[in-house]
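A.B. asks: Line by line, the protein sequences are chains X and L.
Per the numbering used here, the very first residue in the first sequence carries number 1; after that it's consecutive.
Per the numbering used here, the very first residue in the second sequence carries number 228; after that it's consecutive.
In case anyone wonders, no lab produced these hints; they're calculated from the structure.
Quick caveat, the model's predicted, so the values are computed rather than measured.
Built from N, CA and C at the ideal position, the CB exists for glycine as well.
One or more hints might be untrue.
Stated by the list, open to error - Each computed DSSO-like pair below joins lysine-lysine, with the alpha-carbon atoms no more than 30 Å apart: (1) X:K59 <-> L:K297; (2) X:K59 <-> L:K301; (3) L:K305 <-> L:K456.
Stated by the list, open to error - Chain L stretches covered by chain X per the calculated footprint, using a threshold of three residues with CB under 8 Å from any CB of chain X: (4) 306 to 314; (5) 318 to 329.
Claimed, not checked - Some chain X residues judged to face chain L by a derived CB distance under 8 Å, without partners named: (6) A110; (7) S133; (8) T139.
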Amino acid sequence: MEGVLYELTNSLYINLIREERYLMLIRGLRVTLEVTLYSVLLGVIIGLITAVIRITEPKGLVRLATAYVEVVRGTPVVVQMVIIYYAILGGSNLPKVLIASIAFGINSGAYVSELIRAGIQAVPRGQMEAARSLGLTWTQAMRFVIVPQAIKNILPALVNEAIVLIKETAVVGYIALDDLTRAGNIIRGRTFDAYTPFLLVALVYLYTTTTLSIFAGKLERRLRESD
Amino acid sequence: MIDVIDLYKSFGELEVLRGVSTHVGRSQVVCVIGASGSGKSTFLRCLNLLEIPDRGRITIDGVELMEHRKQINKLRRKMGMVFQQFNLFPNMTARSNVALGPSQALGMSRADASARAEALLSKVGLADKVDEFPNRLSGGQKQRVAIARALAMGPDIMLFDEPTSALDPEMVGEVLQVIKQLAQDGMTMIIVTHEMGFAREVADRVLFMDQGVIAEDAPPERIFRSPEKERTREFLSKVL
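Hey, can you work out the whole structure from these sequences and the hints?
C.D. replies: Below is the structure:
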């Protein structure tokens with residue numbers, strides 16, 4: 001028993017404390033959260049534009065929007081990110097966090113556009129009619145009446161999208177970005193311990209996603225109350 | 228003031244309006260009655276082009292609506308509309324519901340729009356509810372906010388689409404009271420309703436719609452006491 005305990009504290013010491021390795025995990029988590037946050041923001045912007053295009057169906061743009069959603073949903077995000085990194089943005093001096101965020105934002109936007117589209121279509125038709133009957137333009141009605149309600153409908157789903165992104169961004173190591181997963185990988189390379197670093201990484205992911213999903217639950221309940 | 232000539236509207240195979248013509252003068256109150264499916268709501272919704280008629284002409288103060296569809300937003304400001312399901316904006320307080328039109332469509336300052344909203348909400352008896360959200364209001368209160376919202380644009384005409392049909396019986400009175408007050412103020416109104424007593428009391432004319440046309444058009448006394456058409460008699464015997 002004592003032997004096991006010793007082994008455990010020893011490996012924790014080596015993988016976490018020595019050479020202040022816990023700092024690598026913290027920095028990694030920070031990168032993960034940054035990429036997630038920017039991706040969600042960009043995803044919402046792209047998703048909103050795409051959703052509006054797919055709802056209003058202006059000529060020419062619909063096909064583009066549909067193609068975008070199809071391409072994004074039909075290819076792995078790692079591949080998309082590497083292509084964006086090397087082929088499109090590789091020559092620029094943009095920080096890697098930004099490049100990863102652009103890749104994940106574009107990816108997430110396709111999924112978010114479907115969320116927003118459903119959210120907008122869930123707003124009763126009478127809302128648009130009431131707004132238009134006041135003499136508001138379509139754009140004004142969308143901006144002040146429809147979209148705020150749609151956002152409210154989909155907020156919990158957006159938090160879930162953020163949770164998904166926290167986990168999905170674990171592949172940003174492919175473009176040499178030191179996120180949480182890559183931090184675990186680096187520690188493993190130094191300590192030759194395959195087990196402990198990733199166990200720690202898993203715990204940090206789990207803690208972060210659980211916190212967010214508790215938040216999502218509370219948000220959902222509060223939004224339902226105000227209905 | 229409003230001239231409707233030979234209005235036709237179909238939804239797919241279903242012909243809802245089959246040649247509706249009428250005239251409504253300034254300050255007239257016209258109630259539209261008829262069975263469900265007779266086309267009365269569609270007729271009302273065509274008047275501010277929430278539904279686009281297939282054929283026919285709608286002229287308001289000499290302006291033909293269909294020829295001026297580009298200016299429809301401007302034309303709609305002259306017509307307030309009140310819906311059966313209230314259609315209040317749930318994301319806004321009563322005040323913001325009423326102020327949205329003036330501030331966005333009329334370009335009024337925030338303070339002016341808010342002051343107008345307060346004045347109108349007190350007019351419909353809701354001075355103490357200005358900062359409540361719709362989900363905290365009763366059906367009757369919601370419909371009164373909706374009326375204030377429509378009035379906020381300073382319309383010349385008010386269109387009511389079964390304004391009391393979604394209300395609990397004990398709340399019908401307070402809404403009808405507000406509409407009566409508007410009638411006394413000289414507002415031009417077209418009211419689709421199932422409240423026969425109210426129609427009798429407030430209307431200058433009652434239109435009975437049947438199968439997509441106006442089957443009978445007469446002052447309330449005549450239509451309720453001695454209707455000319457067999458169909459009108461049949462309908463009234465069922466609802467009175």
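A.B. asks: Give a verdict on every hint.
C.D. replies: Cross-check of the supplied hints:
1. X:K59 <-> L:K297: holds, 20 Å
2. X:K59 <-> L:K301: holds, 27 Å
3. L:K305 <-> L:K456: violated, 35 Å
4. 306 to 314: holds (count 6)
5. 318 to 329: holds (count 3)
6. A110: violated, 27 Å
7. S133: For S133 (chain X), the interface hint holds, since the closest Cβ of chain L sits about 4 Å away, which is under 8 Å.
8. T139: The hint is violated - T139 (chain X) has no Cβ within 8 Å of chain L, the shortest such distance being about 10 Å.
Of the numbered hints given earlier, the model fails hints 3, 6 and 8; all others are met.
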